[in-house]
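Protein sequences, first through last, are from chains A and B. Mind the numbering: the first sequence is residues 138 to 469 in the working numbering, read in order. Mind the numbering: the second sequence is residues 20 to 805 in the working numbering, read in order.
Watch out, some of these pointers could steer you wrong.
Think about it this way: if two alpha-carbon atoms lie no more than 16 Å apart in a straight line, the pair counts; the simulated EDC-like pairs of lysine to aspartate or glutamate are [unchecked claim]:
(1) B:Lys255 <-> A:Glu371
(2) A:Lys185 <-> A:Glu371
(3) B:Lys172 <-> A:Glu389
(4) B:Lys401 <-> B:Asp373
(5) A:Lys390 <-> A:Glu190
(6) B:Lys666 <-> B:Glu633
Keep in mind that the hints were calculated from the coordinates and are not lab data. Predicted model only: the values in this text are computed from it and were never measured.
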Amino acid sequence: MFSIKEIVPFVVGLLLSTAALAQGDSFVFTPQWTAQAQFAGYYVAQEKGFYREAGIDVTIEHPSATQSAMSRLCKNECQATTMQLCQALEIVDGGIPLVNILQTSMNNAMVIVSARGKDPLTQKGARVGIWSVGFGQLAICMAGKDHLDYEWIRFAQNVNLFVAGALDATLAMSYNEYYQLMHAGVEVREENVYRFCDHGYNIQEDGVYVTRDYYNSHKEQAQRFANASRKGWEWAAQHPEETLDIVMRYVEKAHIATNRTMQRLMLQEVLRLQVDRESKKREFRLRPDMVQKASRLMKENRMLSREVKYEELTSPLPVKGEKGEKGEKVKK
Amino acid sequence: MIQWIRRKLSVRVSLWVVMFAAVIFITALSFFFYQARDAVRQEAISRATQILDNTSLRVESILNRVEVATNMTQWLIQRHPDNPDSMFVYSRGMLLNNPDFYNCSIAFDPYYFKDKGLYFSAYSKHDGDTIRTIQGGSDNYQYFYMDWYLMPKLLNKPCWTEPYMDFDAPTNTSNMVASYCDVIKDRQGKVIGAINTSLSLSWLSQTVSAVKPYPNSYSIMISRGGTYLVHPDTSKITRQTIFTQTLEQPDTALTGLGHAMQRGEDGMKQMTIDGMSCYVFYEPLGGTGCSMAIVCPESDIFGGFDRLRHTVDAIVVVGLLLMLYFFIHIITRELNPLRRLAEEAETIASGQFDAQLPAFRRIDEIGQLSHSFAGMQQSLVKYIEELKDTTSQKASIERDIRIASAIQMGMLPEKFPSKADSNDVQIYASLTPAKDVGGDLFDFYFRDEKLFFCIGDVSGKGVPASLFMAVTRAVFRTVSVRESMPDRIMATMNKIIADMNRSSMFVTLFVGVLDLPTGHLYYCNAGHDAPLLIGAGVGMLPCDSNIPVGFRPSWKYTLQEAHVFTGTTIFLFTDGLTEAMDANQSQFQMERVTNVASRALAQGHQEPRQLISEMTEAVHQFVGNAEQSDDLTMMAIQYIRQQSDVKLRKTLVLSNDTQEVPRLNDFATEVCEAVGLDSIVTMQVKLAIEEAVVNVMKYAYPQGTRGDVTIEAVSNDVRLKFTIIDSGKPFDPTVLPEVDTTLPAKERRIGGLGIHIVRQFMDSINYERSGNLNILAIRKNLTDNK
């Protein structure tokens, strides 16, 4: 099957060819998906003027059908994007050093929803939907470890295949597809939901990443963006309905086929996921233990060629000697 | 209000009638409306179903063309799967032949055509009047992750995708399309790609939205995933599903509808949508997985029906109210005479019996009532007059009875001898009649040192009994003057009473004669309660069973005798004592009488007045407040004479020859001297003895027959007794015979005039017949004559 890794050489190529740096104080932020409550904190920071107060001129540009967030980052068309930790690990392993400037998610949101009221773990050899653009790393690790022999079906769109009965189970994000299934009238019961966070796979997800090059040259700007964004999220947590108003403005501007109810559910869940299970706080930090756990799991499953260290995502590192490894990865 | 209703018959009757009518109306109308409503509902269902069927058919016919065209192209491709460029021709041809199709893709697995690279998809689409045909796959459009490519492969059958918004980059337009897709297989049957023919759904939206069977009804269409494709609120289209609102506010009805539509069912549901009761009719649209529904507000379906119902309801209510008003009015008018009658009746009731009743010329019930009432008034007046007469008559009778009672009581002895005025007996009696006058009697009197007494109870009560009692008592007095033996007295009384007894009454009677000097008692009982003897103990006087007096004139009554010792009390009573009843109808009974008597005896209370007082008290205590059922009569006689010792006893026997009289005189003189009588009294005694003995000598024996006359003289301190005994024919000189004026004075027996001499000079005379002997005892008190 195809994976995000397929496009890494292409992306790296682009990155090298366009070495242009961001201009002045203008800062383009591209969330990894179309407008939705998943990115509420950034919309709030923008709308409430937190970015302006921080002295940065932020533009939020969503990816288009022809241009993904990652490609925009690589082309330097944007300065920051959101990414799941596992994706970031893959990209770093693929040779593009990234720096996590803000970690919003403290918990894993991925679930497997099984059709026909069955426990996903009993569905050996089942056809399970997985996003064609990545995100499913933990699921593949889990299925391999538990010898479930899932047949992964990569899909581009939402939950239609599952609803049409073409799949036995599907991966879903607890804040997005999980609600979409219910939205489509699927009766989701706890016994046919497998939550990765409850089974030793509680790996952080969304965080804001910039390229290490950009970080090195615009460290302060990146920090200011991160702080203002964090402020936006904290405000959102305190003012969910006003936040929802802001989200709906973005959603409508982008002609996204969704509604306030779905966005409310998503916002609630995203905010819940931001609270660390142990400290019960919005910590906004990458946890070294989770990075290590994810990195080792993915290495074991040969998704990574090496263990990517926590420090690689946070503190400065030499950029040399990355190209050699990249050549090996293409062969996988 | 309730008081008013209770007072007004007209209102009450009217209310009943109207209520009854209302019940009938409500029942009938309810049934009618229920049926009519059901009919309207059925009509709406069939109408909606028809519309849905028509729409569904139209949709299906178009969808069918897509499916047929796709299948034909698929067949062509599978015949020639090796030439990628011909795929462009096929896809273009599809749109050429079907101008209303939206686009067509014939796509293959990555690297299927080695020289075409990762992506190969022959894609044709209308572009204005021309058809644009290009290779459609790219990094930005990785078709093999698309639903239309995956779905038929996974389901292993042709299918329609979920409708989606197709963004056409060159024209920058969006179109809602649904794709029919199927797999493409190589000759070995291996899936190598997929064909997809799309149809713009704008026509479908228009068709479905145009369905509007009622003014306020609307249509909705949802996709397999529940997404609204048609909805009157356009903001919901593609953005919301039928389940959206149920995520935050559970609504089982809406969820149920959504699931039913998703499952491709058709049917009807009644539910509340946006606070409005609606009927929702739904039906699937071909094989697209879409389903359409017509939402009809109940008010629309039943609008006309409800207006009709409200009108009819109003008419019924108004009609019933009018009915109530008129009924009250008419009934009040009809009952008006009754009210006047009632007022008049009240006047009459207050005592004005001559009040004029209103005259109605009616022949109905009220007329009849008025008529009856007038009759009743007349009867009432008459009755009251009669009542007055009767009352005065009754008062007169009562007065008479009171007088009769006084007379009856007057007949009874009022003076009772007691110790103070008699040495022989003490007597006391009481008679308490149950009514003013009674049928009980008692009587006593003294004659020739004998106590004649009787007690009796006439059958029945009241005036007849009292008359019979008076007769009985009179007969007793009359008969006992001439007869000395109770059996003879009884027999004579029986004959007299039975002869004059036309009313078949009878009397139980006890007659006794107590010889005072000796205490010897002769008695005869005619069916009366046996008296008690209270002396050394309490015992009942043995009585023969004789029938009561008045039945059979020829009945032979038996004589019985007993000796009464000094101090003994004879207690006589009527059955009013033993049969005295208390409130529980139980009787006093003989046992209690005996007990009271025993108690009295034990306490030394056998003296008549005390005994009767105690007996009376005991009866009153027993009876309590119960009404006296029978006449109650008691009589007690206590013999108190003290016997003295004999001082002198001489006997003289003479033959029945008057020549023997001088011997008699000598004997008498000797006796009189012996007891110390003075000369005058001696003369009187001698004269009386001579009269009595000569009478025997002359008449006791038949003429020419010889017989003896024995004269015995016995004396004690107080009395001198001569006993004259003969064996001649029975003859009681003490009984007054009819005066036989035909005989010369000399031939008249003693008892005629002679007996008067004896009675005058002696203190008592007594006759007995014992065996074949006539025994005549004449006594002279010595205490007065010494």
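Outcome of the hint check:
Distance restraint check for B:Lys255 and A:Glu371: the Cα-Cα separation of roughly 31 Å exceeds the 16 Å cut-off, and the hinted pair is therefore not satisfied. For the hint pairing A:Lys185 with A:Glu371, the CA-to-CA distance comes to about 12 Å; that is within 16 Å, so the pair holds. The straight-line distance between the Cα atoms of B:Lys172 and A:Glu389 is roughly 35 Å, outside the 16 Å bound, and the hint therefore fails. Restraint check for B:Lys401 and B:Asp373: satisfied, since their Cα atoms lie roughly 11 Å apart, inside the 16 Å limit.
With a C-alpha separation of about 24 Å, the suggested pair A:Lys390 and A:Glu190 falls outside the 16 Å cut-off, and the hint is violated. Taking the CA atoms of B:Lys666 and B:Glu633, the gap is near 42 Å; set against the 16 Å cutoff, the hint is violated.
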